[in-house]
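Number of protein chains: 2
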Amino acid sequence: MRPVSVVGIGSIPIQKENPLSLGEMGVMAGRQALEDAGVEMLDAVYASNMLGSELQNQKHIAAMIASGLGQVGVEAIQVDATSASGAAALRAAYLSVASGAVDFAMAVGVEKMGGTDSATPVLARGLDQETERGETMVSMNARVMQMYIDANRNRVPIEKLLEGFAHFAVNSHANGAKNESALLRKPITLEDAMASKTIHAPLRLADCSPICDGAAAVILASSEMAKSFTDLPVQLLASSCSTDRFSVASRKDPLSLSASRHSAEKAFRQSGLTPNAIDFFEIHDAFSIMAVLSLEACGFAERGSGWEAGINGSIYPTGNLPLSTFGGLKSRGHPVGATALYQACEIVRQLKGQAGANQIKASTGMMQSIGGAGTTILTHIFGL
Amino acid sequence: MRPVSVVGIGSIPIQKENPLSLGEMGVMAGRQALEDAGVEMLDAVYASNMLGSELQNQKHIAAMIASGLGQVGVEAIQVDATSASGAAALRAAYLSVASGAVDFAMAVGVEKMGGTDSATPVLARGLDQETERGETMVSMNARVMQMYIDANRNRVPIEKLLEGFAHFAVNSHANGAKNESALLRKPITLEDAMASKTIHAPLRLADCSPICDGAAAVILASSEMAKSFTDLPVQLLASSCSTDRFSVASRKDPLSLSASRHSAEKAFRQSGLTPNAIDFFEIHDAFSIMAVLSLEACGFAERGSGWEAGINGSIYPTGNLPLSTFGGLKSRGHPVGATALYQACEIVRQLKGQAGANQIKASTGMMQSIGGAGTTILTHIFGL
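Protein chains in written order, with numbering that gives the first Met the number 0: chain C, 0 to 383; chain X, 0 to 383.
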């Protein structure tokens with residue numbers, strides 16, 4: 000496989016409800032990425048979107064965006080891994096360029112979830128409808144969070160665990176407050192987070208990411224070609240995907256988040272990096288329990304101690320593994336099909352020193368994207 | 000890119016309504032392919048399905064099937080190009096193996112459309128909802144067929160054109176009658192086809208493929224590895240995808256089916272073959288107009304003369320370019336997300352001499368798969 004780099008990125012501000020259509024939003028992000036790259040014609044467009052068929056009656060999202068971008072004749076395919084769809088599109092673009100089949104590939108994600116009550120039941124279709132019918136992503140994550148509390152309550156007071164979880168929201172809100180494109184731009188205190196209303200016990204509002212509209216895009220090229228298009232190409236050092244048993248109840252150990260572990264292991268192997276070499280982590284903090292479990296599964300924290308990473312400060316911008324540096328899913332927002340492409344754009348901005356008020360010092364960044372309740376997990380590692 | 004071959008195939012009989020669940024159907028086809036290949040563990044599963052979220056409330060099809068097959072930890076991603084989704088999954092599997100990222104990849108498609116009135120409106124979401132709202136796949140194909148008639152009526156009597164279209168149905172039904180897995184197993188005469196009831200003028204029943212349930216799977220490996228798994232590996236010589244402008248009205252020349260032409264040109268270039276070297280063609284005869292336009296776009300017939308290929312007999316099993324050798328979408332059936340994987344299985348059976356009553360003499364076979372009204376088109380060429 001030939002090395003692959005990012006030559007352009009684009010993302011539009013996340014809003015509760017964007018007045019543009021699904022197609023217009025995707026085209027806007029894609030056009031930004033084309034302008035950023037200075038590329039006129041693509042070879043392929045891989046698009047991600049989870050809810051457009053149900054909420055906007057629109058399928059065929061990749062062809063729609065490619066056509067809207069004037070990329071007539073281009074390959075265009077939609078890629079789906081529910082809430083990790085953006086990462087699946089990124090991986091499709093990666094494989095097409097790495098294989099040599101394609102020179103310039105765009106991964107573009109778009110989602111319009113705001114202004115309707117329908118998002119929650121449609122999101123739940125990512126769960127196993129033969130054994131988990133009636134569950135939602137909220138109820139399922141509450142269940143997993145309760146398992147985590149039960150597994151650790153003998154050695155750690157529950158209030159301490161909840162304080163640990165709350166730090167993830169505090170960090171994300173602090174970072175999102177500095178990000179002009181974030182949905183939630185209000186910093187919150189630890190007390191705010193711990194006092195936020197219960198959504199589905201033990202999940203509180205501070206543990207859950209918001210429903211919103213957004214679109215983001217990344218253009219990949221071979222690292223050799225990338226040199227002609229950007230002075231500072233960011234290399235995509237690893238791309239991987241792994242899955243767990245479909246229904247949570249059928250997993251031997253739901254708290255091990257095995258798809259996260261396998262996916263991270265594959266990515267570390269491919270990049271030749273160890274967890275210690277990762278400077279920051281755009282984590283899938285759709286629910287704080289998923290962020291805690293990911294830290295443990297990826298080798299950034301011991302089993303049962305991921306919650307401590309907030310308390311000891313390591314997840315904050317000055318810590319040893321900053322998380323969600325632009326606000327993460329929790330504060331920047333989680334327009335599901337687009338989310339992972341926001342993560343990718345943010346990593347590129349950090350590595351290029353273009354992160355403005357959110358800038359940290361970093362030469363490697365990792366992102367992880369979770370589809371369903373830990374079912375499908377993709378890891379990508381970028382570096383200079 | 001390394002050469003890629005097919006090491007296993009599986010498909011279940013197409014039924015009006017299959018009593019199995021979506022997951023069970025996909026797993027059954029996948030298991031057949033694993034047994035055919037003699038492979039136990041896959042590296043990746045790329046799944047295609049168009050309507051499961053709307054008709055079965057189920058998303059996350061790739062993870063569901065991978066889990067059902069006991070392939071825990073495997074990469075699993077769903078791929079979508081509406082009615083060409085199966086071909087998009089095949090291409091994803093191809094790129095993953097060709098790149099070297101993956102050794103064994105399955106493309107598996109499944110669709111349950113029978114027993115509901117909801118399939119038609121959901122299928123229409125593959126059209127542009129900003130400019131084509133209210134159209135269905137039937138109304139849009141009727142419109143394109145009328146354009147074709149209008150473009151040619153000055154030099155050919157309409158009845159002659161319609162007779163040409165009818166031959167496509169006669170051929171598909173004759174071939175489907177011999178295929179135990181086909182949905183429609185009754186041969187029809189030219190008179191039957193021409194007298195069939197009007198669905199949406201000028202489309203008659205004989206011009207339209209049926210709604211049904213099905214699942215099919217193909218396992219790919221590098222051609223080097225394939226030698227260890229099968230005595231007669233069928234090579235996947237080319238895989239390509241192209242798109243047209245999204246809305247039919249925005250195309251300069253809707254009858255040129257430019258995505259078909261571009262996709263075929265790319266595939267011929269990749270394989271080093273010319274149209275003359277193709278022994279048979281599993282064509283996307285969801286509507287006979289699409290089959291006629293594809294023949295012209297791929298270079299198998301002159302512009303405006305594709306309809307003659309039925310009358311002069313070239314599309315029949317004894318002709319110089321047999322089409323739909325197992326009945327095609329029209330008679331074998333068109334369970335949309337699975338259709339292209341049926342096409343792939345059928346080509347492999349033909350090339351391996353395992354086509355039974357449907358056997359023709361062939362060493363190369365081509366398939367084309369159409370998403371929307373000619374919007375996204377993929378071409379694959381297989382050879383010994």
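Hints in this document: simulated from the structure, not taken from any laboratory. Please note that the accuracy of each hint is not assured.
What the hints assert, rightly or not - Which chain X residues face chain C? A few, computed with CB under 8 Å, are given here: (1) Asn56; (2) Gln57; (3) Leu272.
Said to hold, decoys possible - Computed cross-link-like contacts, DSBU-like style, restricted to lysine-lysine with a CA-CA straight-line distance of at most 35 Å: (4) C/Lys15 <-> C/Lys251; (5) X/Lys265 <-> C/Lys226; (6) C/Lys177 <-> C/Lys159; (7) C/Lys360 <-> C/Lys185; (8) C/Lys226 <-> C/Lys159; (9) X/Lys15 <-> C/Lys265; (10) C/Lys360 <-> C/Lys251; (11) X/Lys226 <-> X/Lys265; (12) C/Lys265 <-> X/Lys159.
Think of the CB as a built atom: it goes at the ideal place given N, C-alpha and C, for glycine as much as any other residue.
(request) Kindly indicate which numbered hints from before are broken by the structure, ordering the numbers from low to high. (result) 3, 4, 8, 9, 10, 12
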